[in-house]
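There are 2 protein chains.
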Amino acid sequence: MANQKLTAEEIHTALVELNSDASQDWVIEDGKLSKTFKFKNFQQAFGFMTTCALYAERKNHHPEWSNVYNRVDVQLVSHDVSGLSVKDFDLAKKMDEFAGSIA
Amino acid sequence: MANQKLTAEEIHTALVELNSDASQDWVIEDGKLSKTFKFKNFQQAFGFMTTCALYAERKNHHPEWSNVYNRVDVQLVSHDVSGLSVKDFDLAKKMDEFAGSIA
Numbered sequence: 001m002a003n004q005k006l007t008a009e010e011i012h013t014a015l016v017e018l019n020s021d022a023s024q025d026w027v028i029e030d031g032k033l034s035k036t037f038k039f040k041n042f043q044q045a046f047g048f049m050t051t052c053a054l055y056a057e058r059k060n061h062h063p064e065w066s067n068v069y070n071r072v073d074v075q076l077v078s079h080d081v082s083g084l085s086v087k088d089f090d091l092a093k094k095m096d097e098f099a100g101s102i103a
Numbered sequence: 001m002a003n004q005k006l007t008a009e010e011i012h013t014a015l016v017e018l019n020s021d022a023s024q025d026w027v028i029e030d031g032k033l034s035k036t037f038k039f040k041n042f043q044q045a046f047g048f049m050t051t052c053a054l055y056a057e058r059k060n061h062h063p064e065w066s067n068v069y070n071r072v073d074v075q076l077v078s079h080d081v082s083g084l085s086v087k088d089f090d091l092a093k094k095m096d097e098f099a100g101s102i103a
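If you're matching them up, the sequences are chains W and Z in order.
The opening position of the first sequence corresponds to residue 1 in full-length UniProt numbering, with each subsequent residue numbered one higher.
The opening position of the second sequence corresponds to residue 1 in full-length UniProt numbering, with each subsequent residue numbered one higher.
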């Protein structure tokens with residue numbers, strides 16, 4: 001099945017579910033699913049990015065992100081549907097898992 | 001010897017030398033040494049970032065950067081001297097080399 005754009009209601013539901021985990025801090029900013037991850041140092045931050053990159057490449061769904069030393073700012077969006085899709089929430093959940101296994 | 005903040009004249013000289021290589025597109029933006037690298041795809045872009053990350057970690061001098069799919073925006077600055085230092089120009093030169101070996 002093709003990727004589908006989530007409705008506002010579906011996004012709300014998915015966001016509540018996503019934030020029911022430990023982190024609690026995914027937000028929708030400029031239509032993108034966003035979160036700032038902080039680690040102990042650059043090594044941990046880039047280790048996190050590498051794990052995410054391998055997953056993203058396998059799923060062919062990539063984050064928009066920036067890194068300054070121990071900090072990684074993530075923005076997720078599905079350009080193919082001009083909005084958010086289940087792929088973004090799947091990647092967000094995985095990122096939380098990956099971060100949790102490092103920090 | 002401690003890291004030292006470069007003067008405006010030293011920055012100008014270093015920038016001309018840096019841009020005498022193939023790339024020609026390092027600029028000073030908001031006091032930071034900046035460049036946008038573009039690759040064929042995410043795999044190449046993140047491969048570039050990984051090589052840079054290992055070098056940065058070894059030198060203990062890290063880039064500020066963001067990545068969207070095949071694009072990597074880099075900003076270099078030396079927070080320890082509140083300006084640019086030779087470390088930034090060294091890292092910039094290495095990044096050009098790393099990018100050249102990938103693209």
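Calculated directly from the structure, the hints in this document are not laboratory data.
Each hint should be verified, as a subset may be incorrect.
Here are the simulated PhoX-like pairs of lysine-lysine, each with C-alpha atoms no more than 20 Å apart in a straight line [said to hold, decoys possible]:
id, chain 1, residue 1, chain 2, residue 2
1, W, Lys87, W, Lys38
2, Z, Lys59, W, Lys40
3, Z, Lys32, Z, Lys94
4, W, Lys87, W, Lys40
5, Z, Lys40, W, Lys59
6, W, Lys40, W, Lys59
Hint by hint, here is what the structure shows:
{"no.": "1", "hint": "W:Lys87 with W:Lys38", "in the structure": "violated, 23 Å"}
{"no.": "2", "hint": "Z:Lys59 with W:Lys40", "in the structure": "holds, 18 Å"}
{"no.": "3", "hint": "Z:Lys32 with Z:Lys94", "in the structure": "holds, 17 Å"}
{"no.": "4", "hint": "W:Lys87 with W:Lys40", "in the structure": "violated, 28 Å"}
{"no.": "5", "hint": "Z:Lys40 with W:Lys59", "in the structure": "holds, 18 Å"}
{"no.": "6", "hint": "W:Lys40 with W:Lys59", "in the structure": "violated, 28 Å"}
Hint violations for this structure: numbers 1, 4, 6, all remaining hints satisfied.
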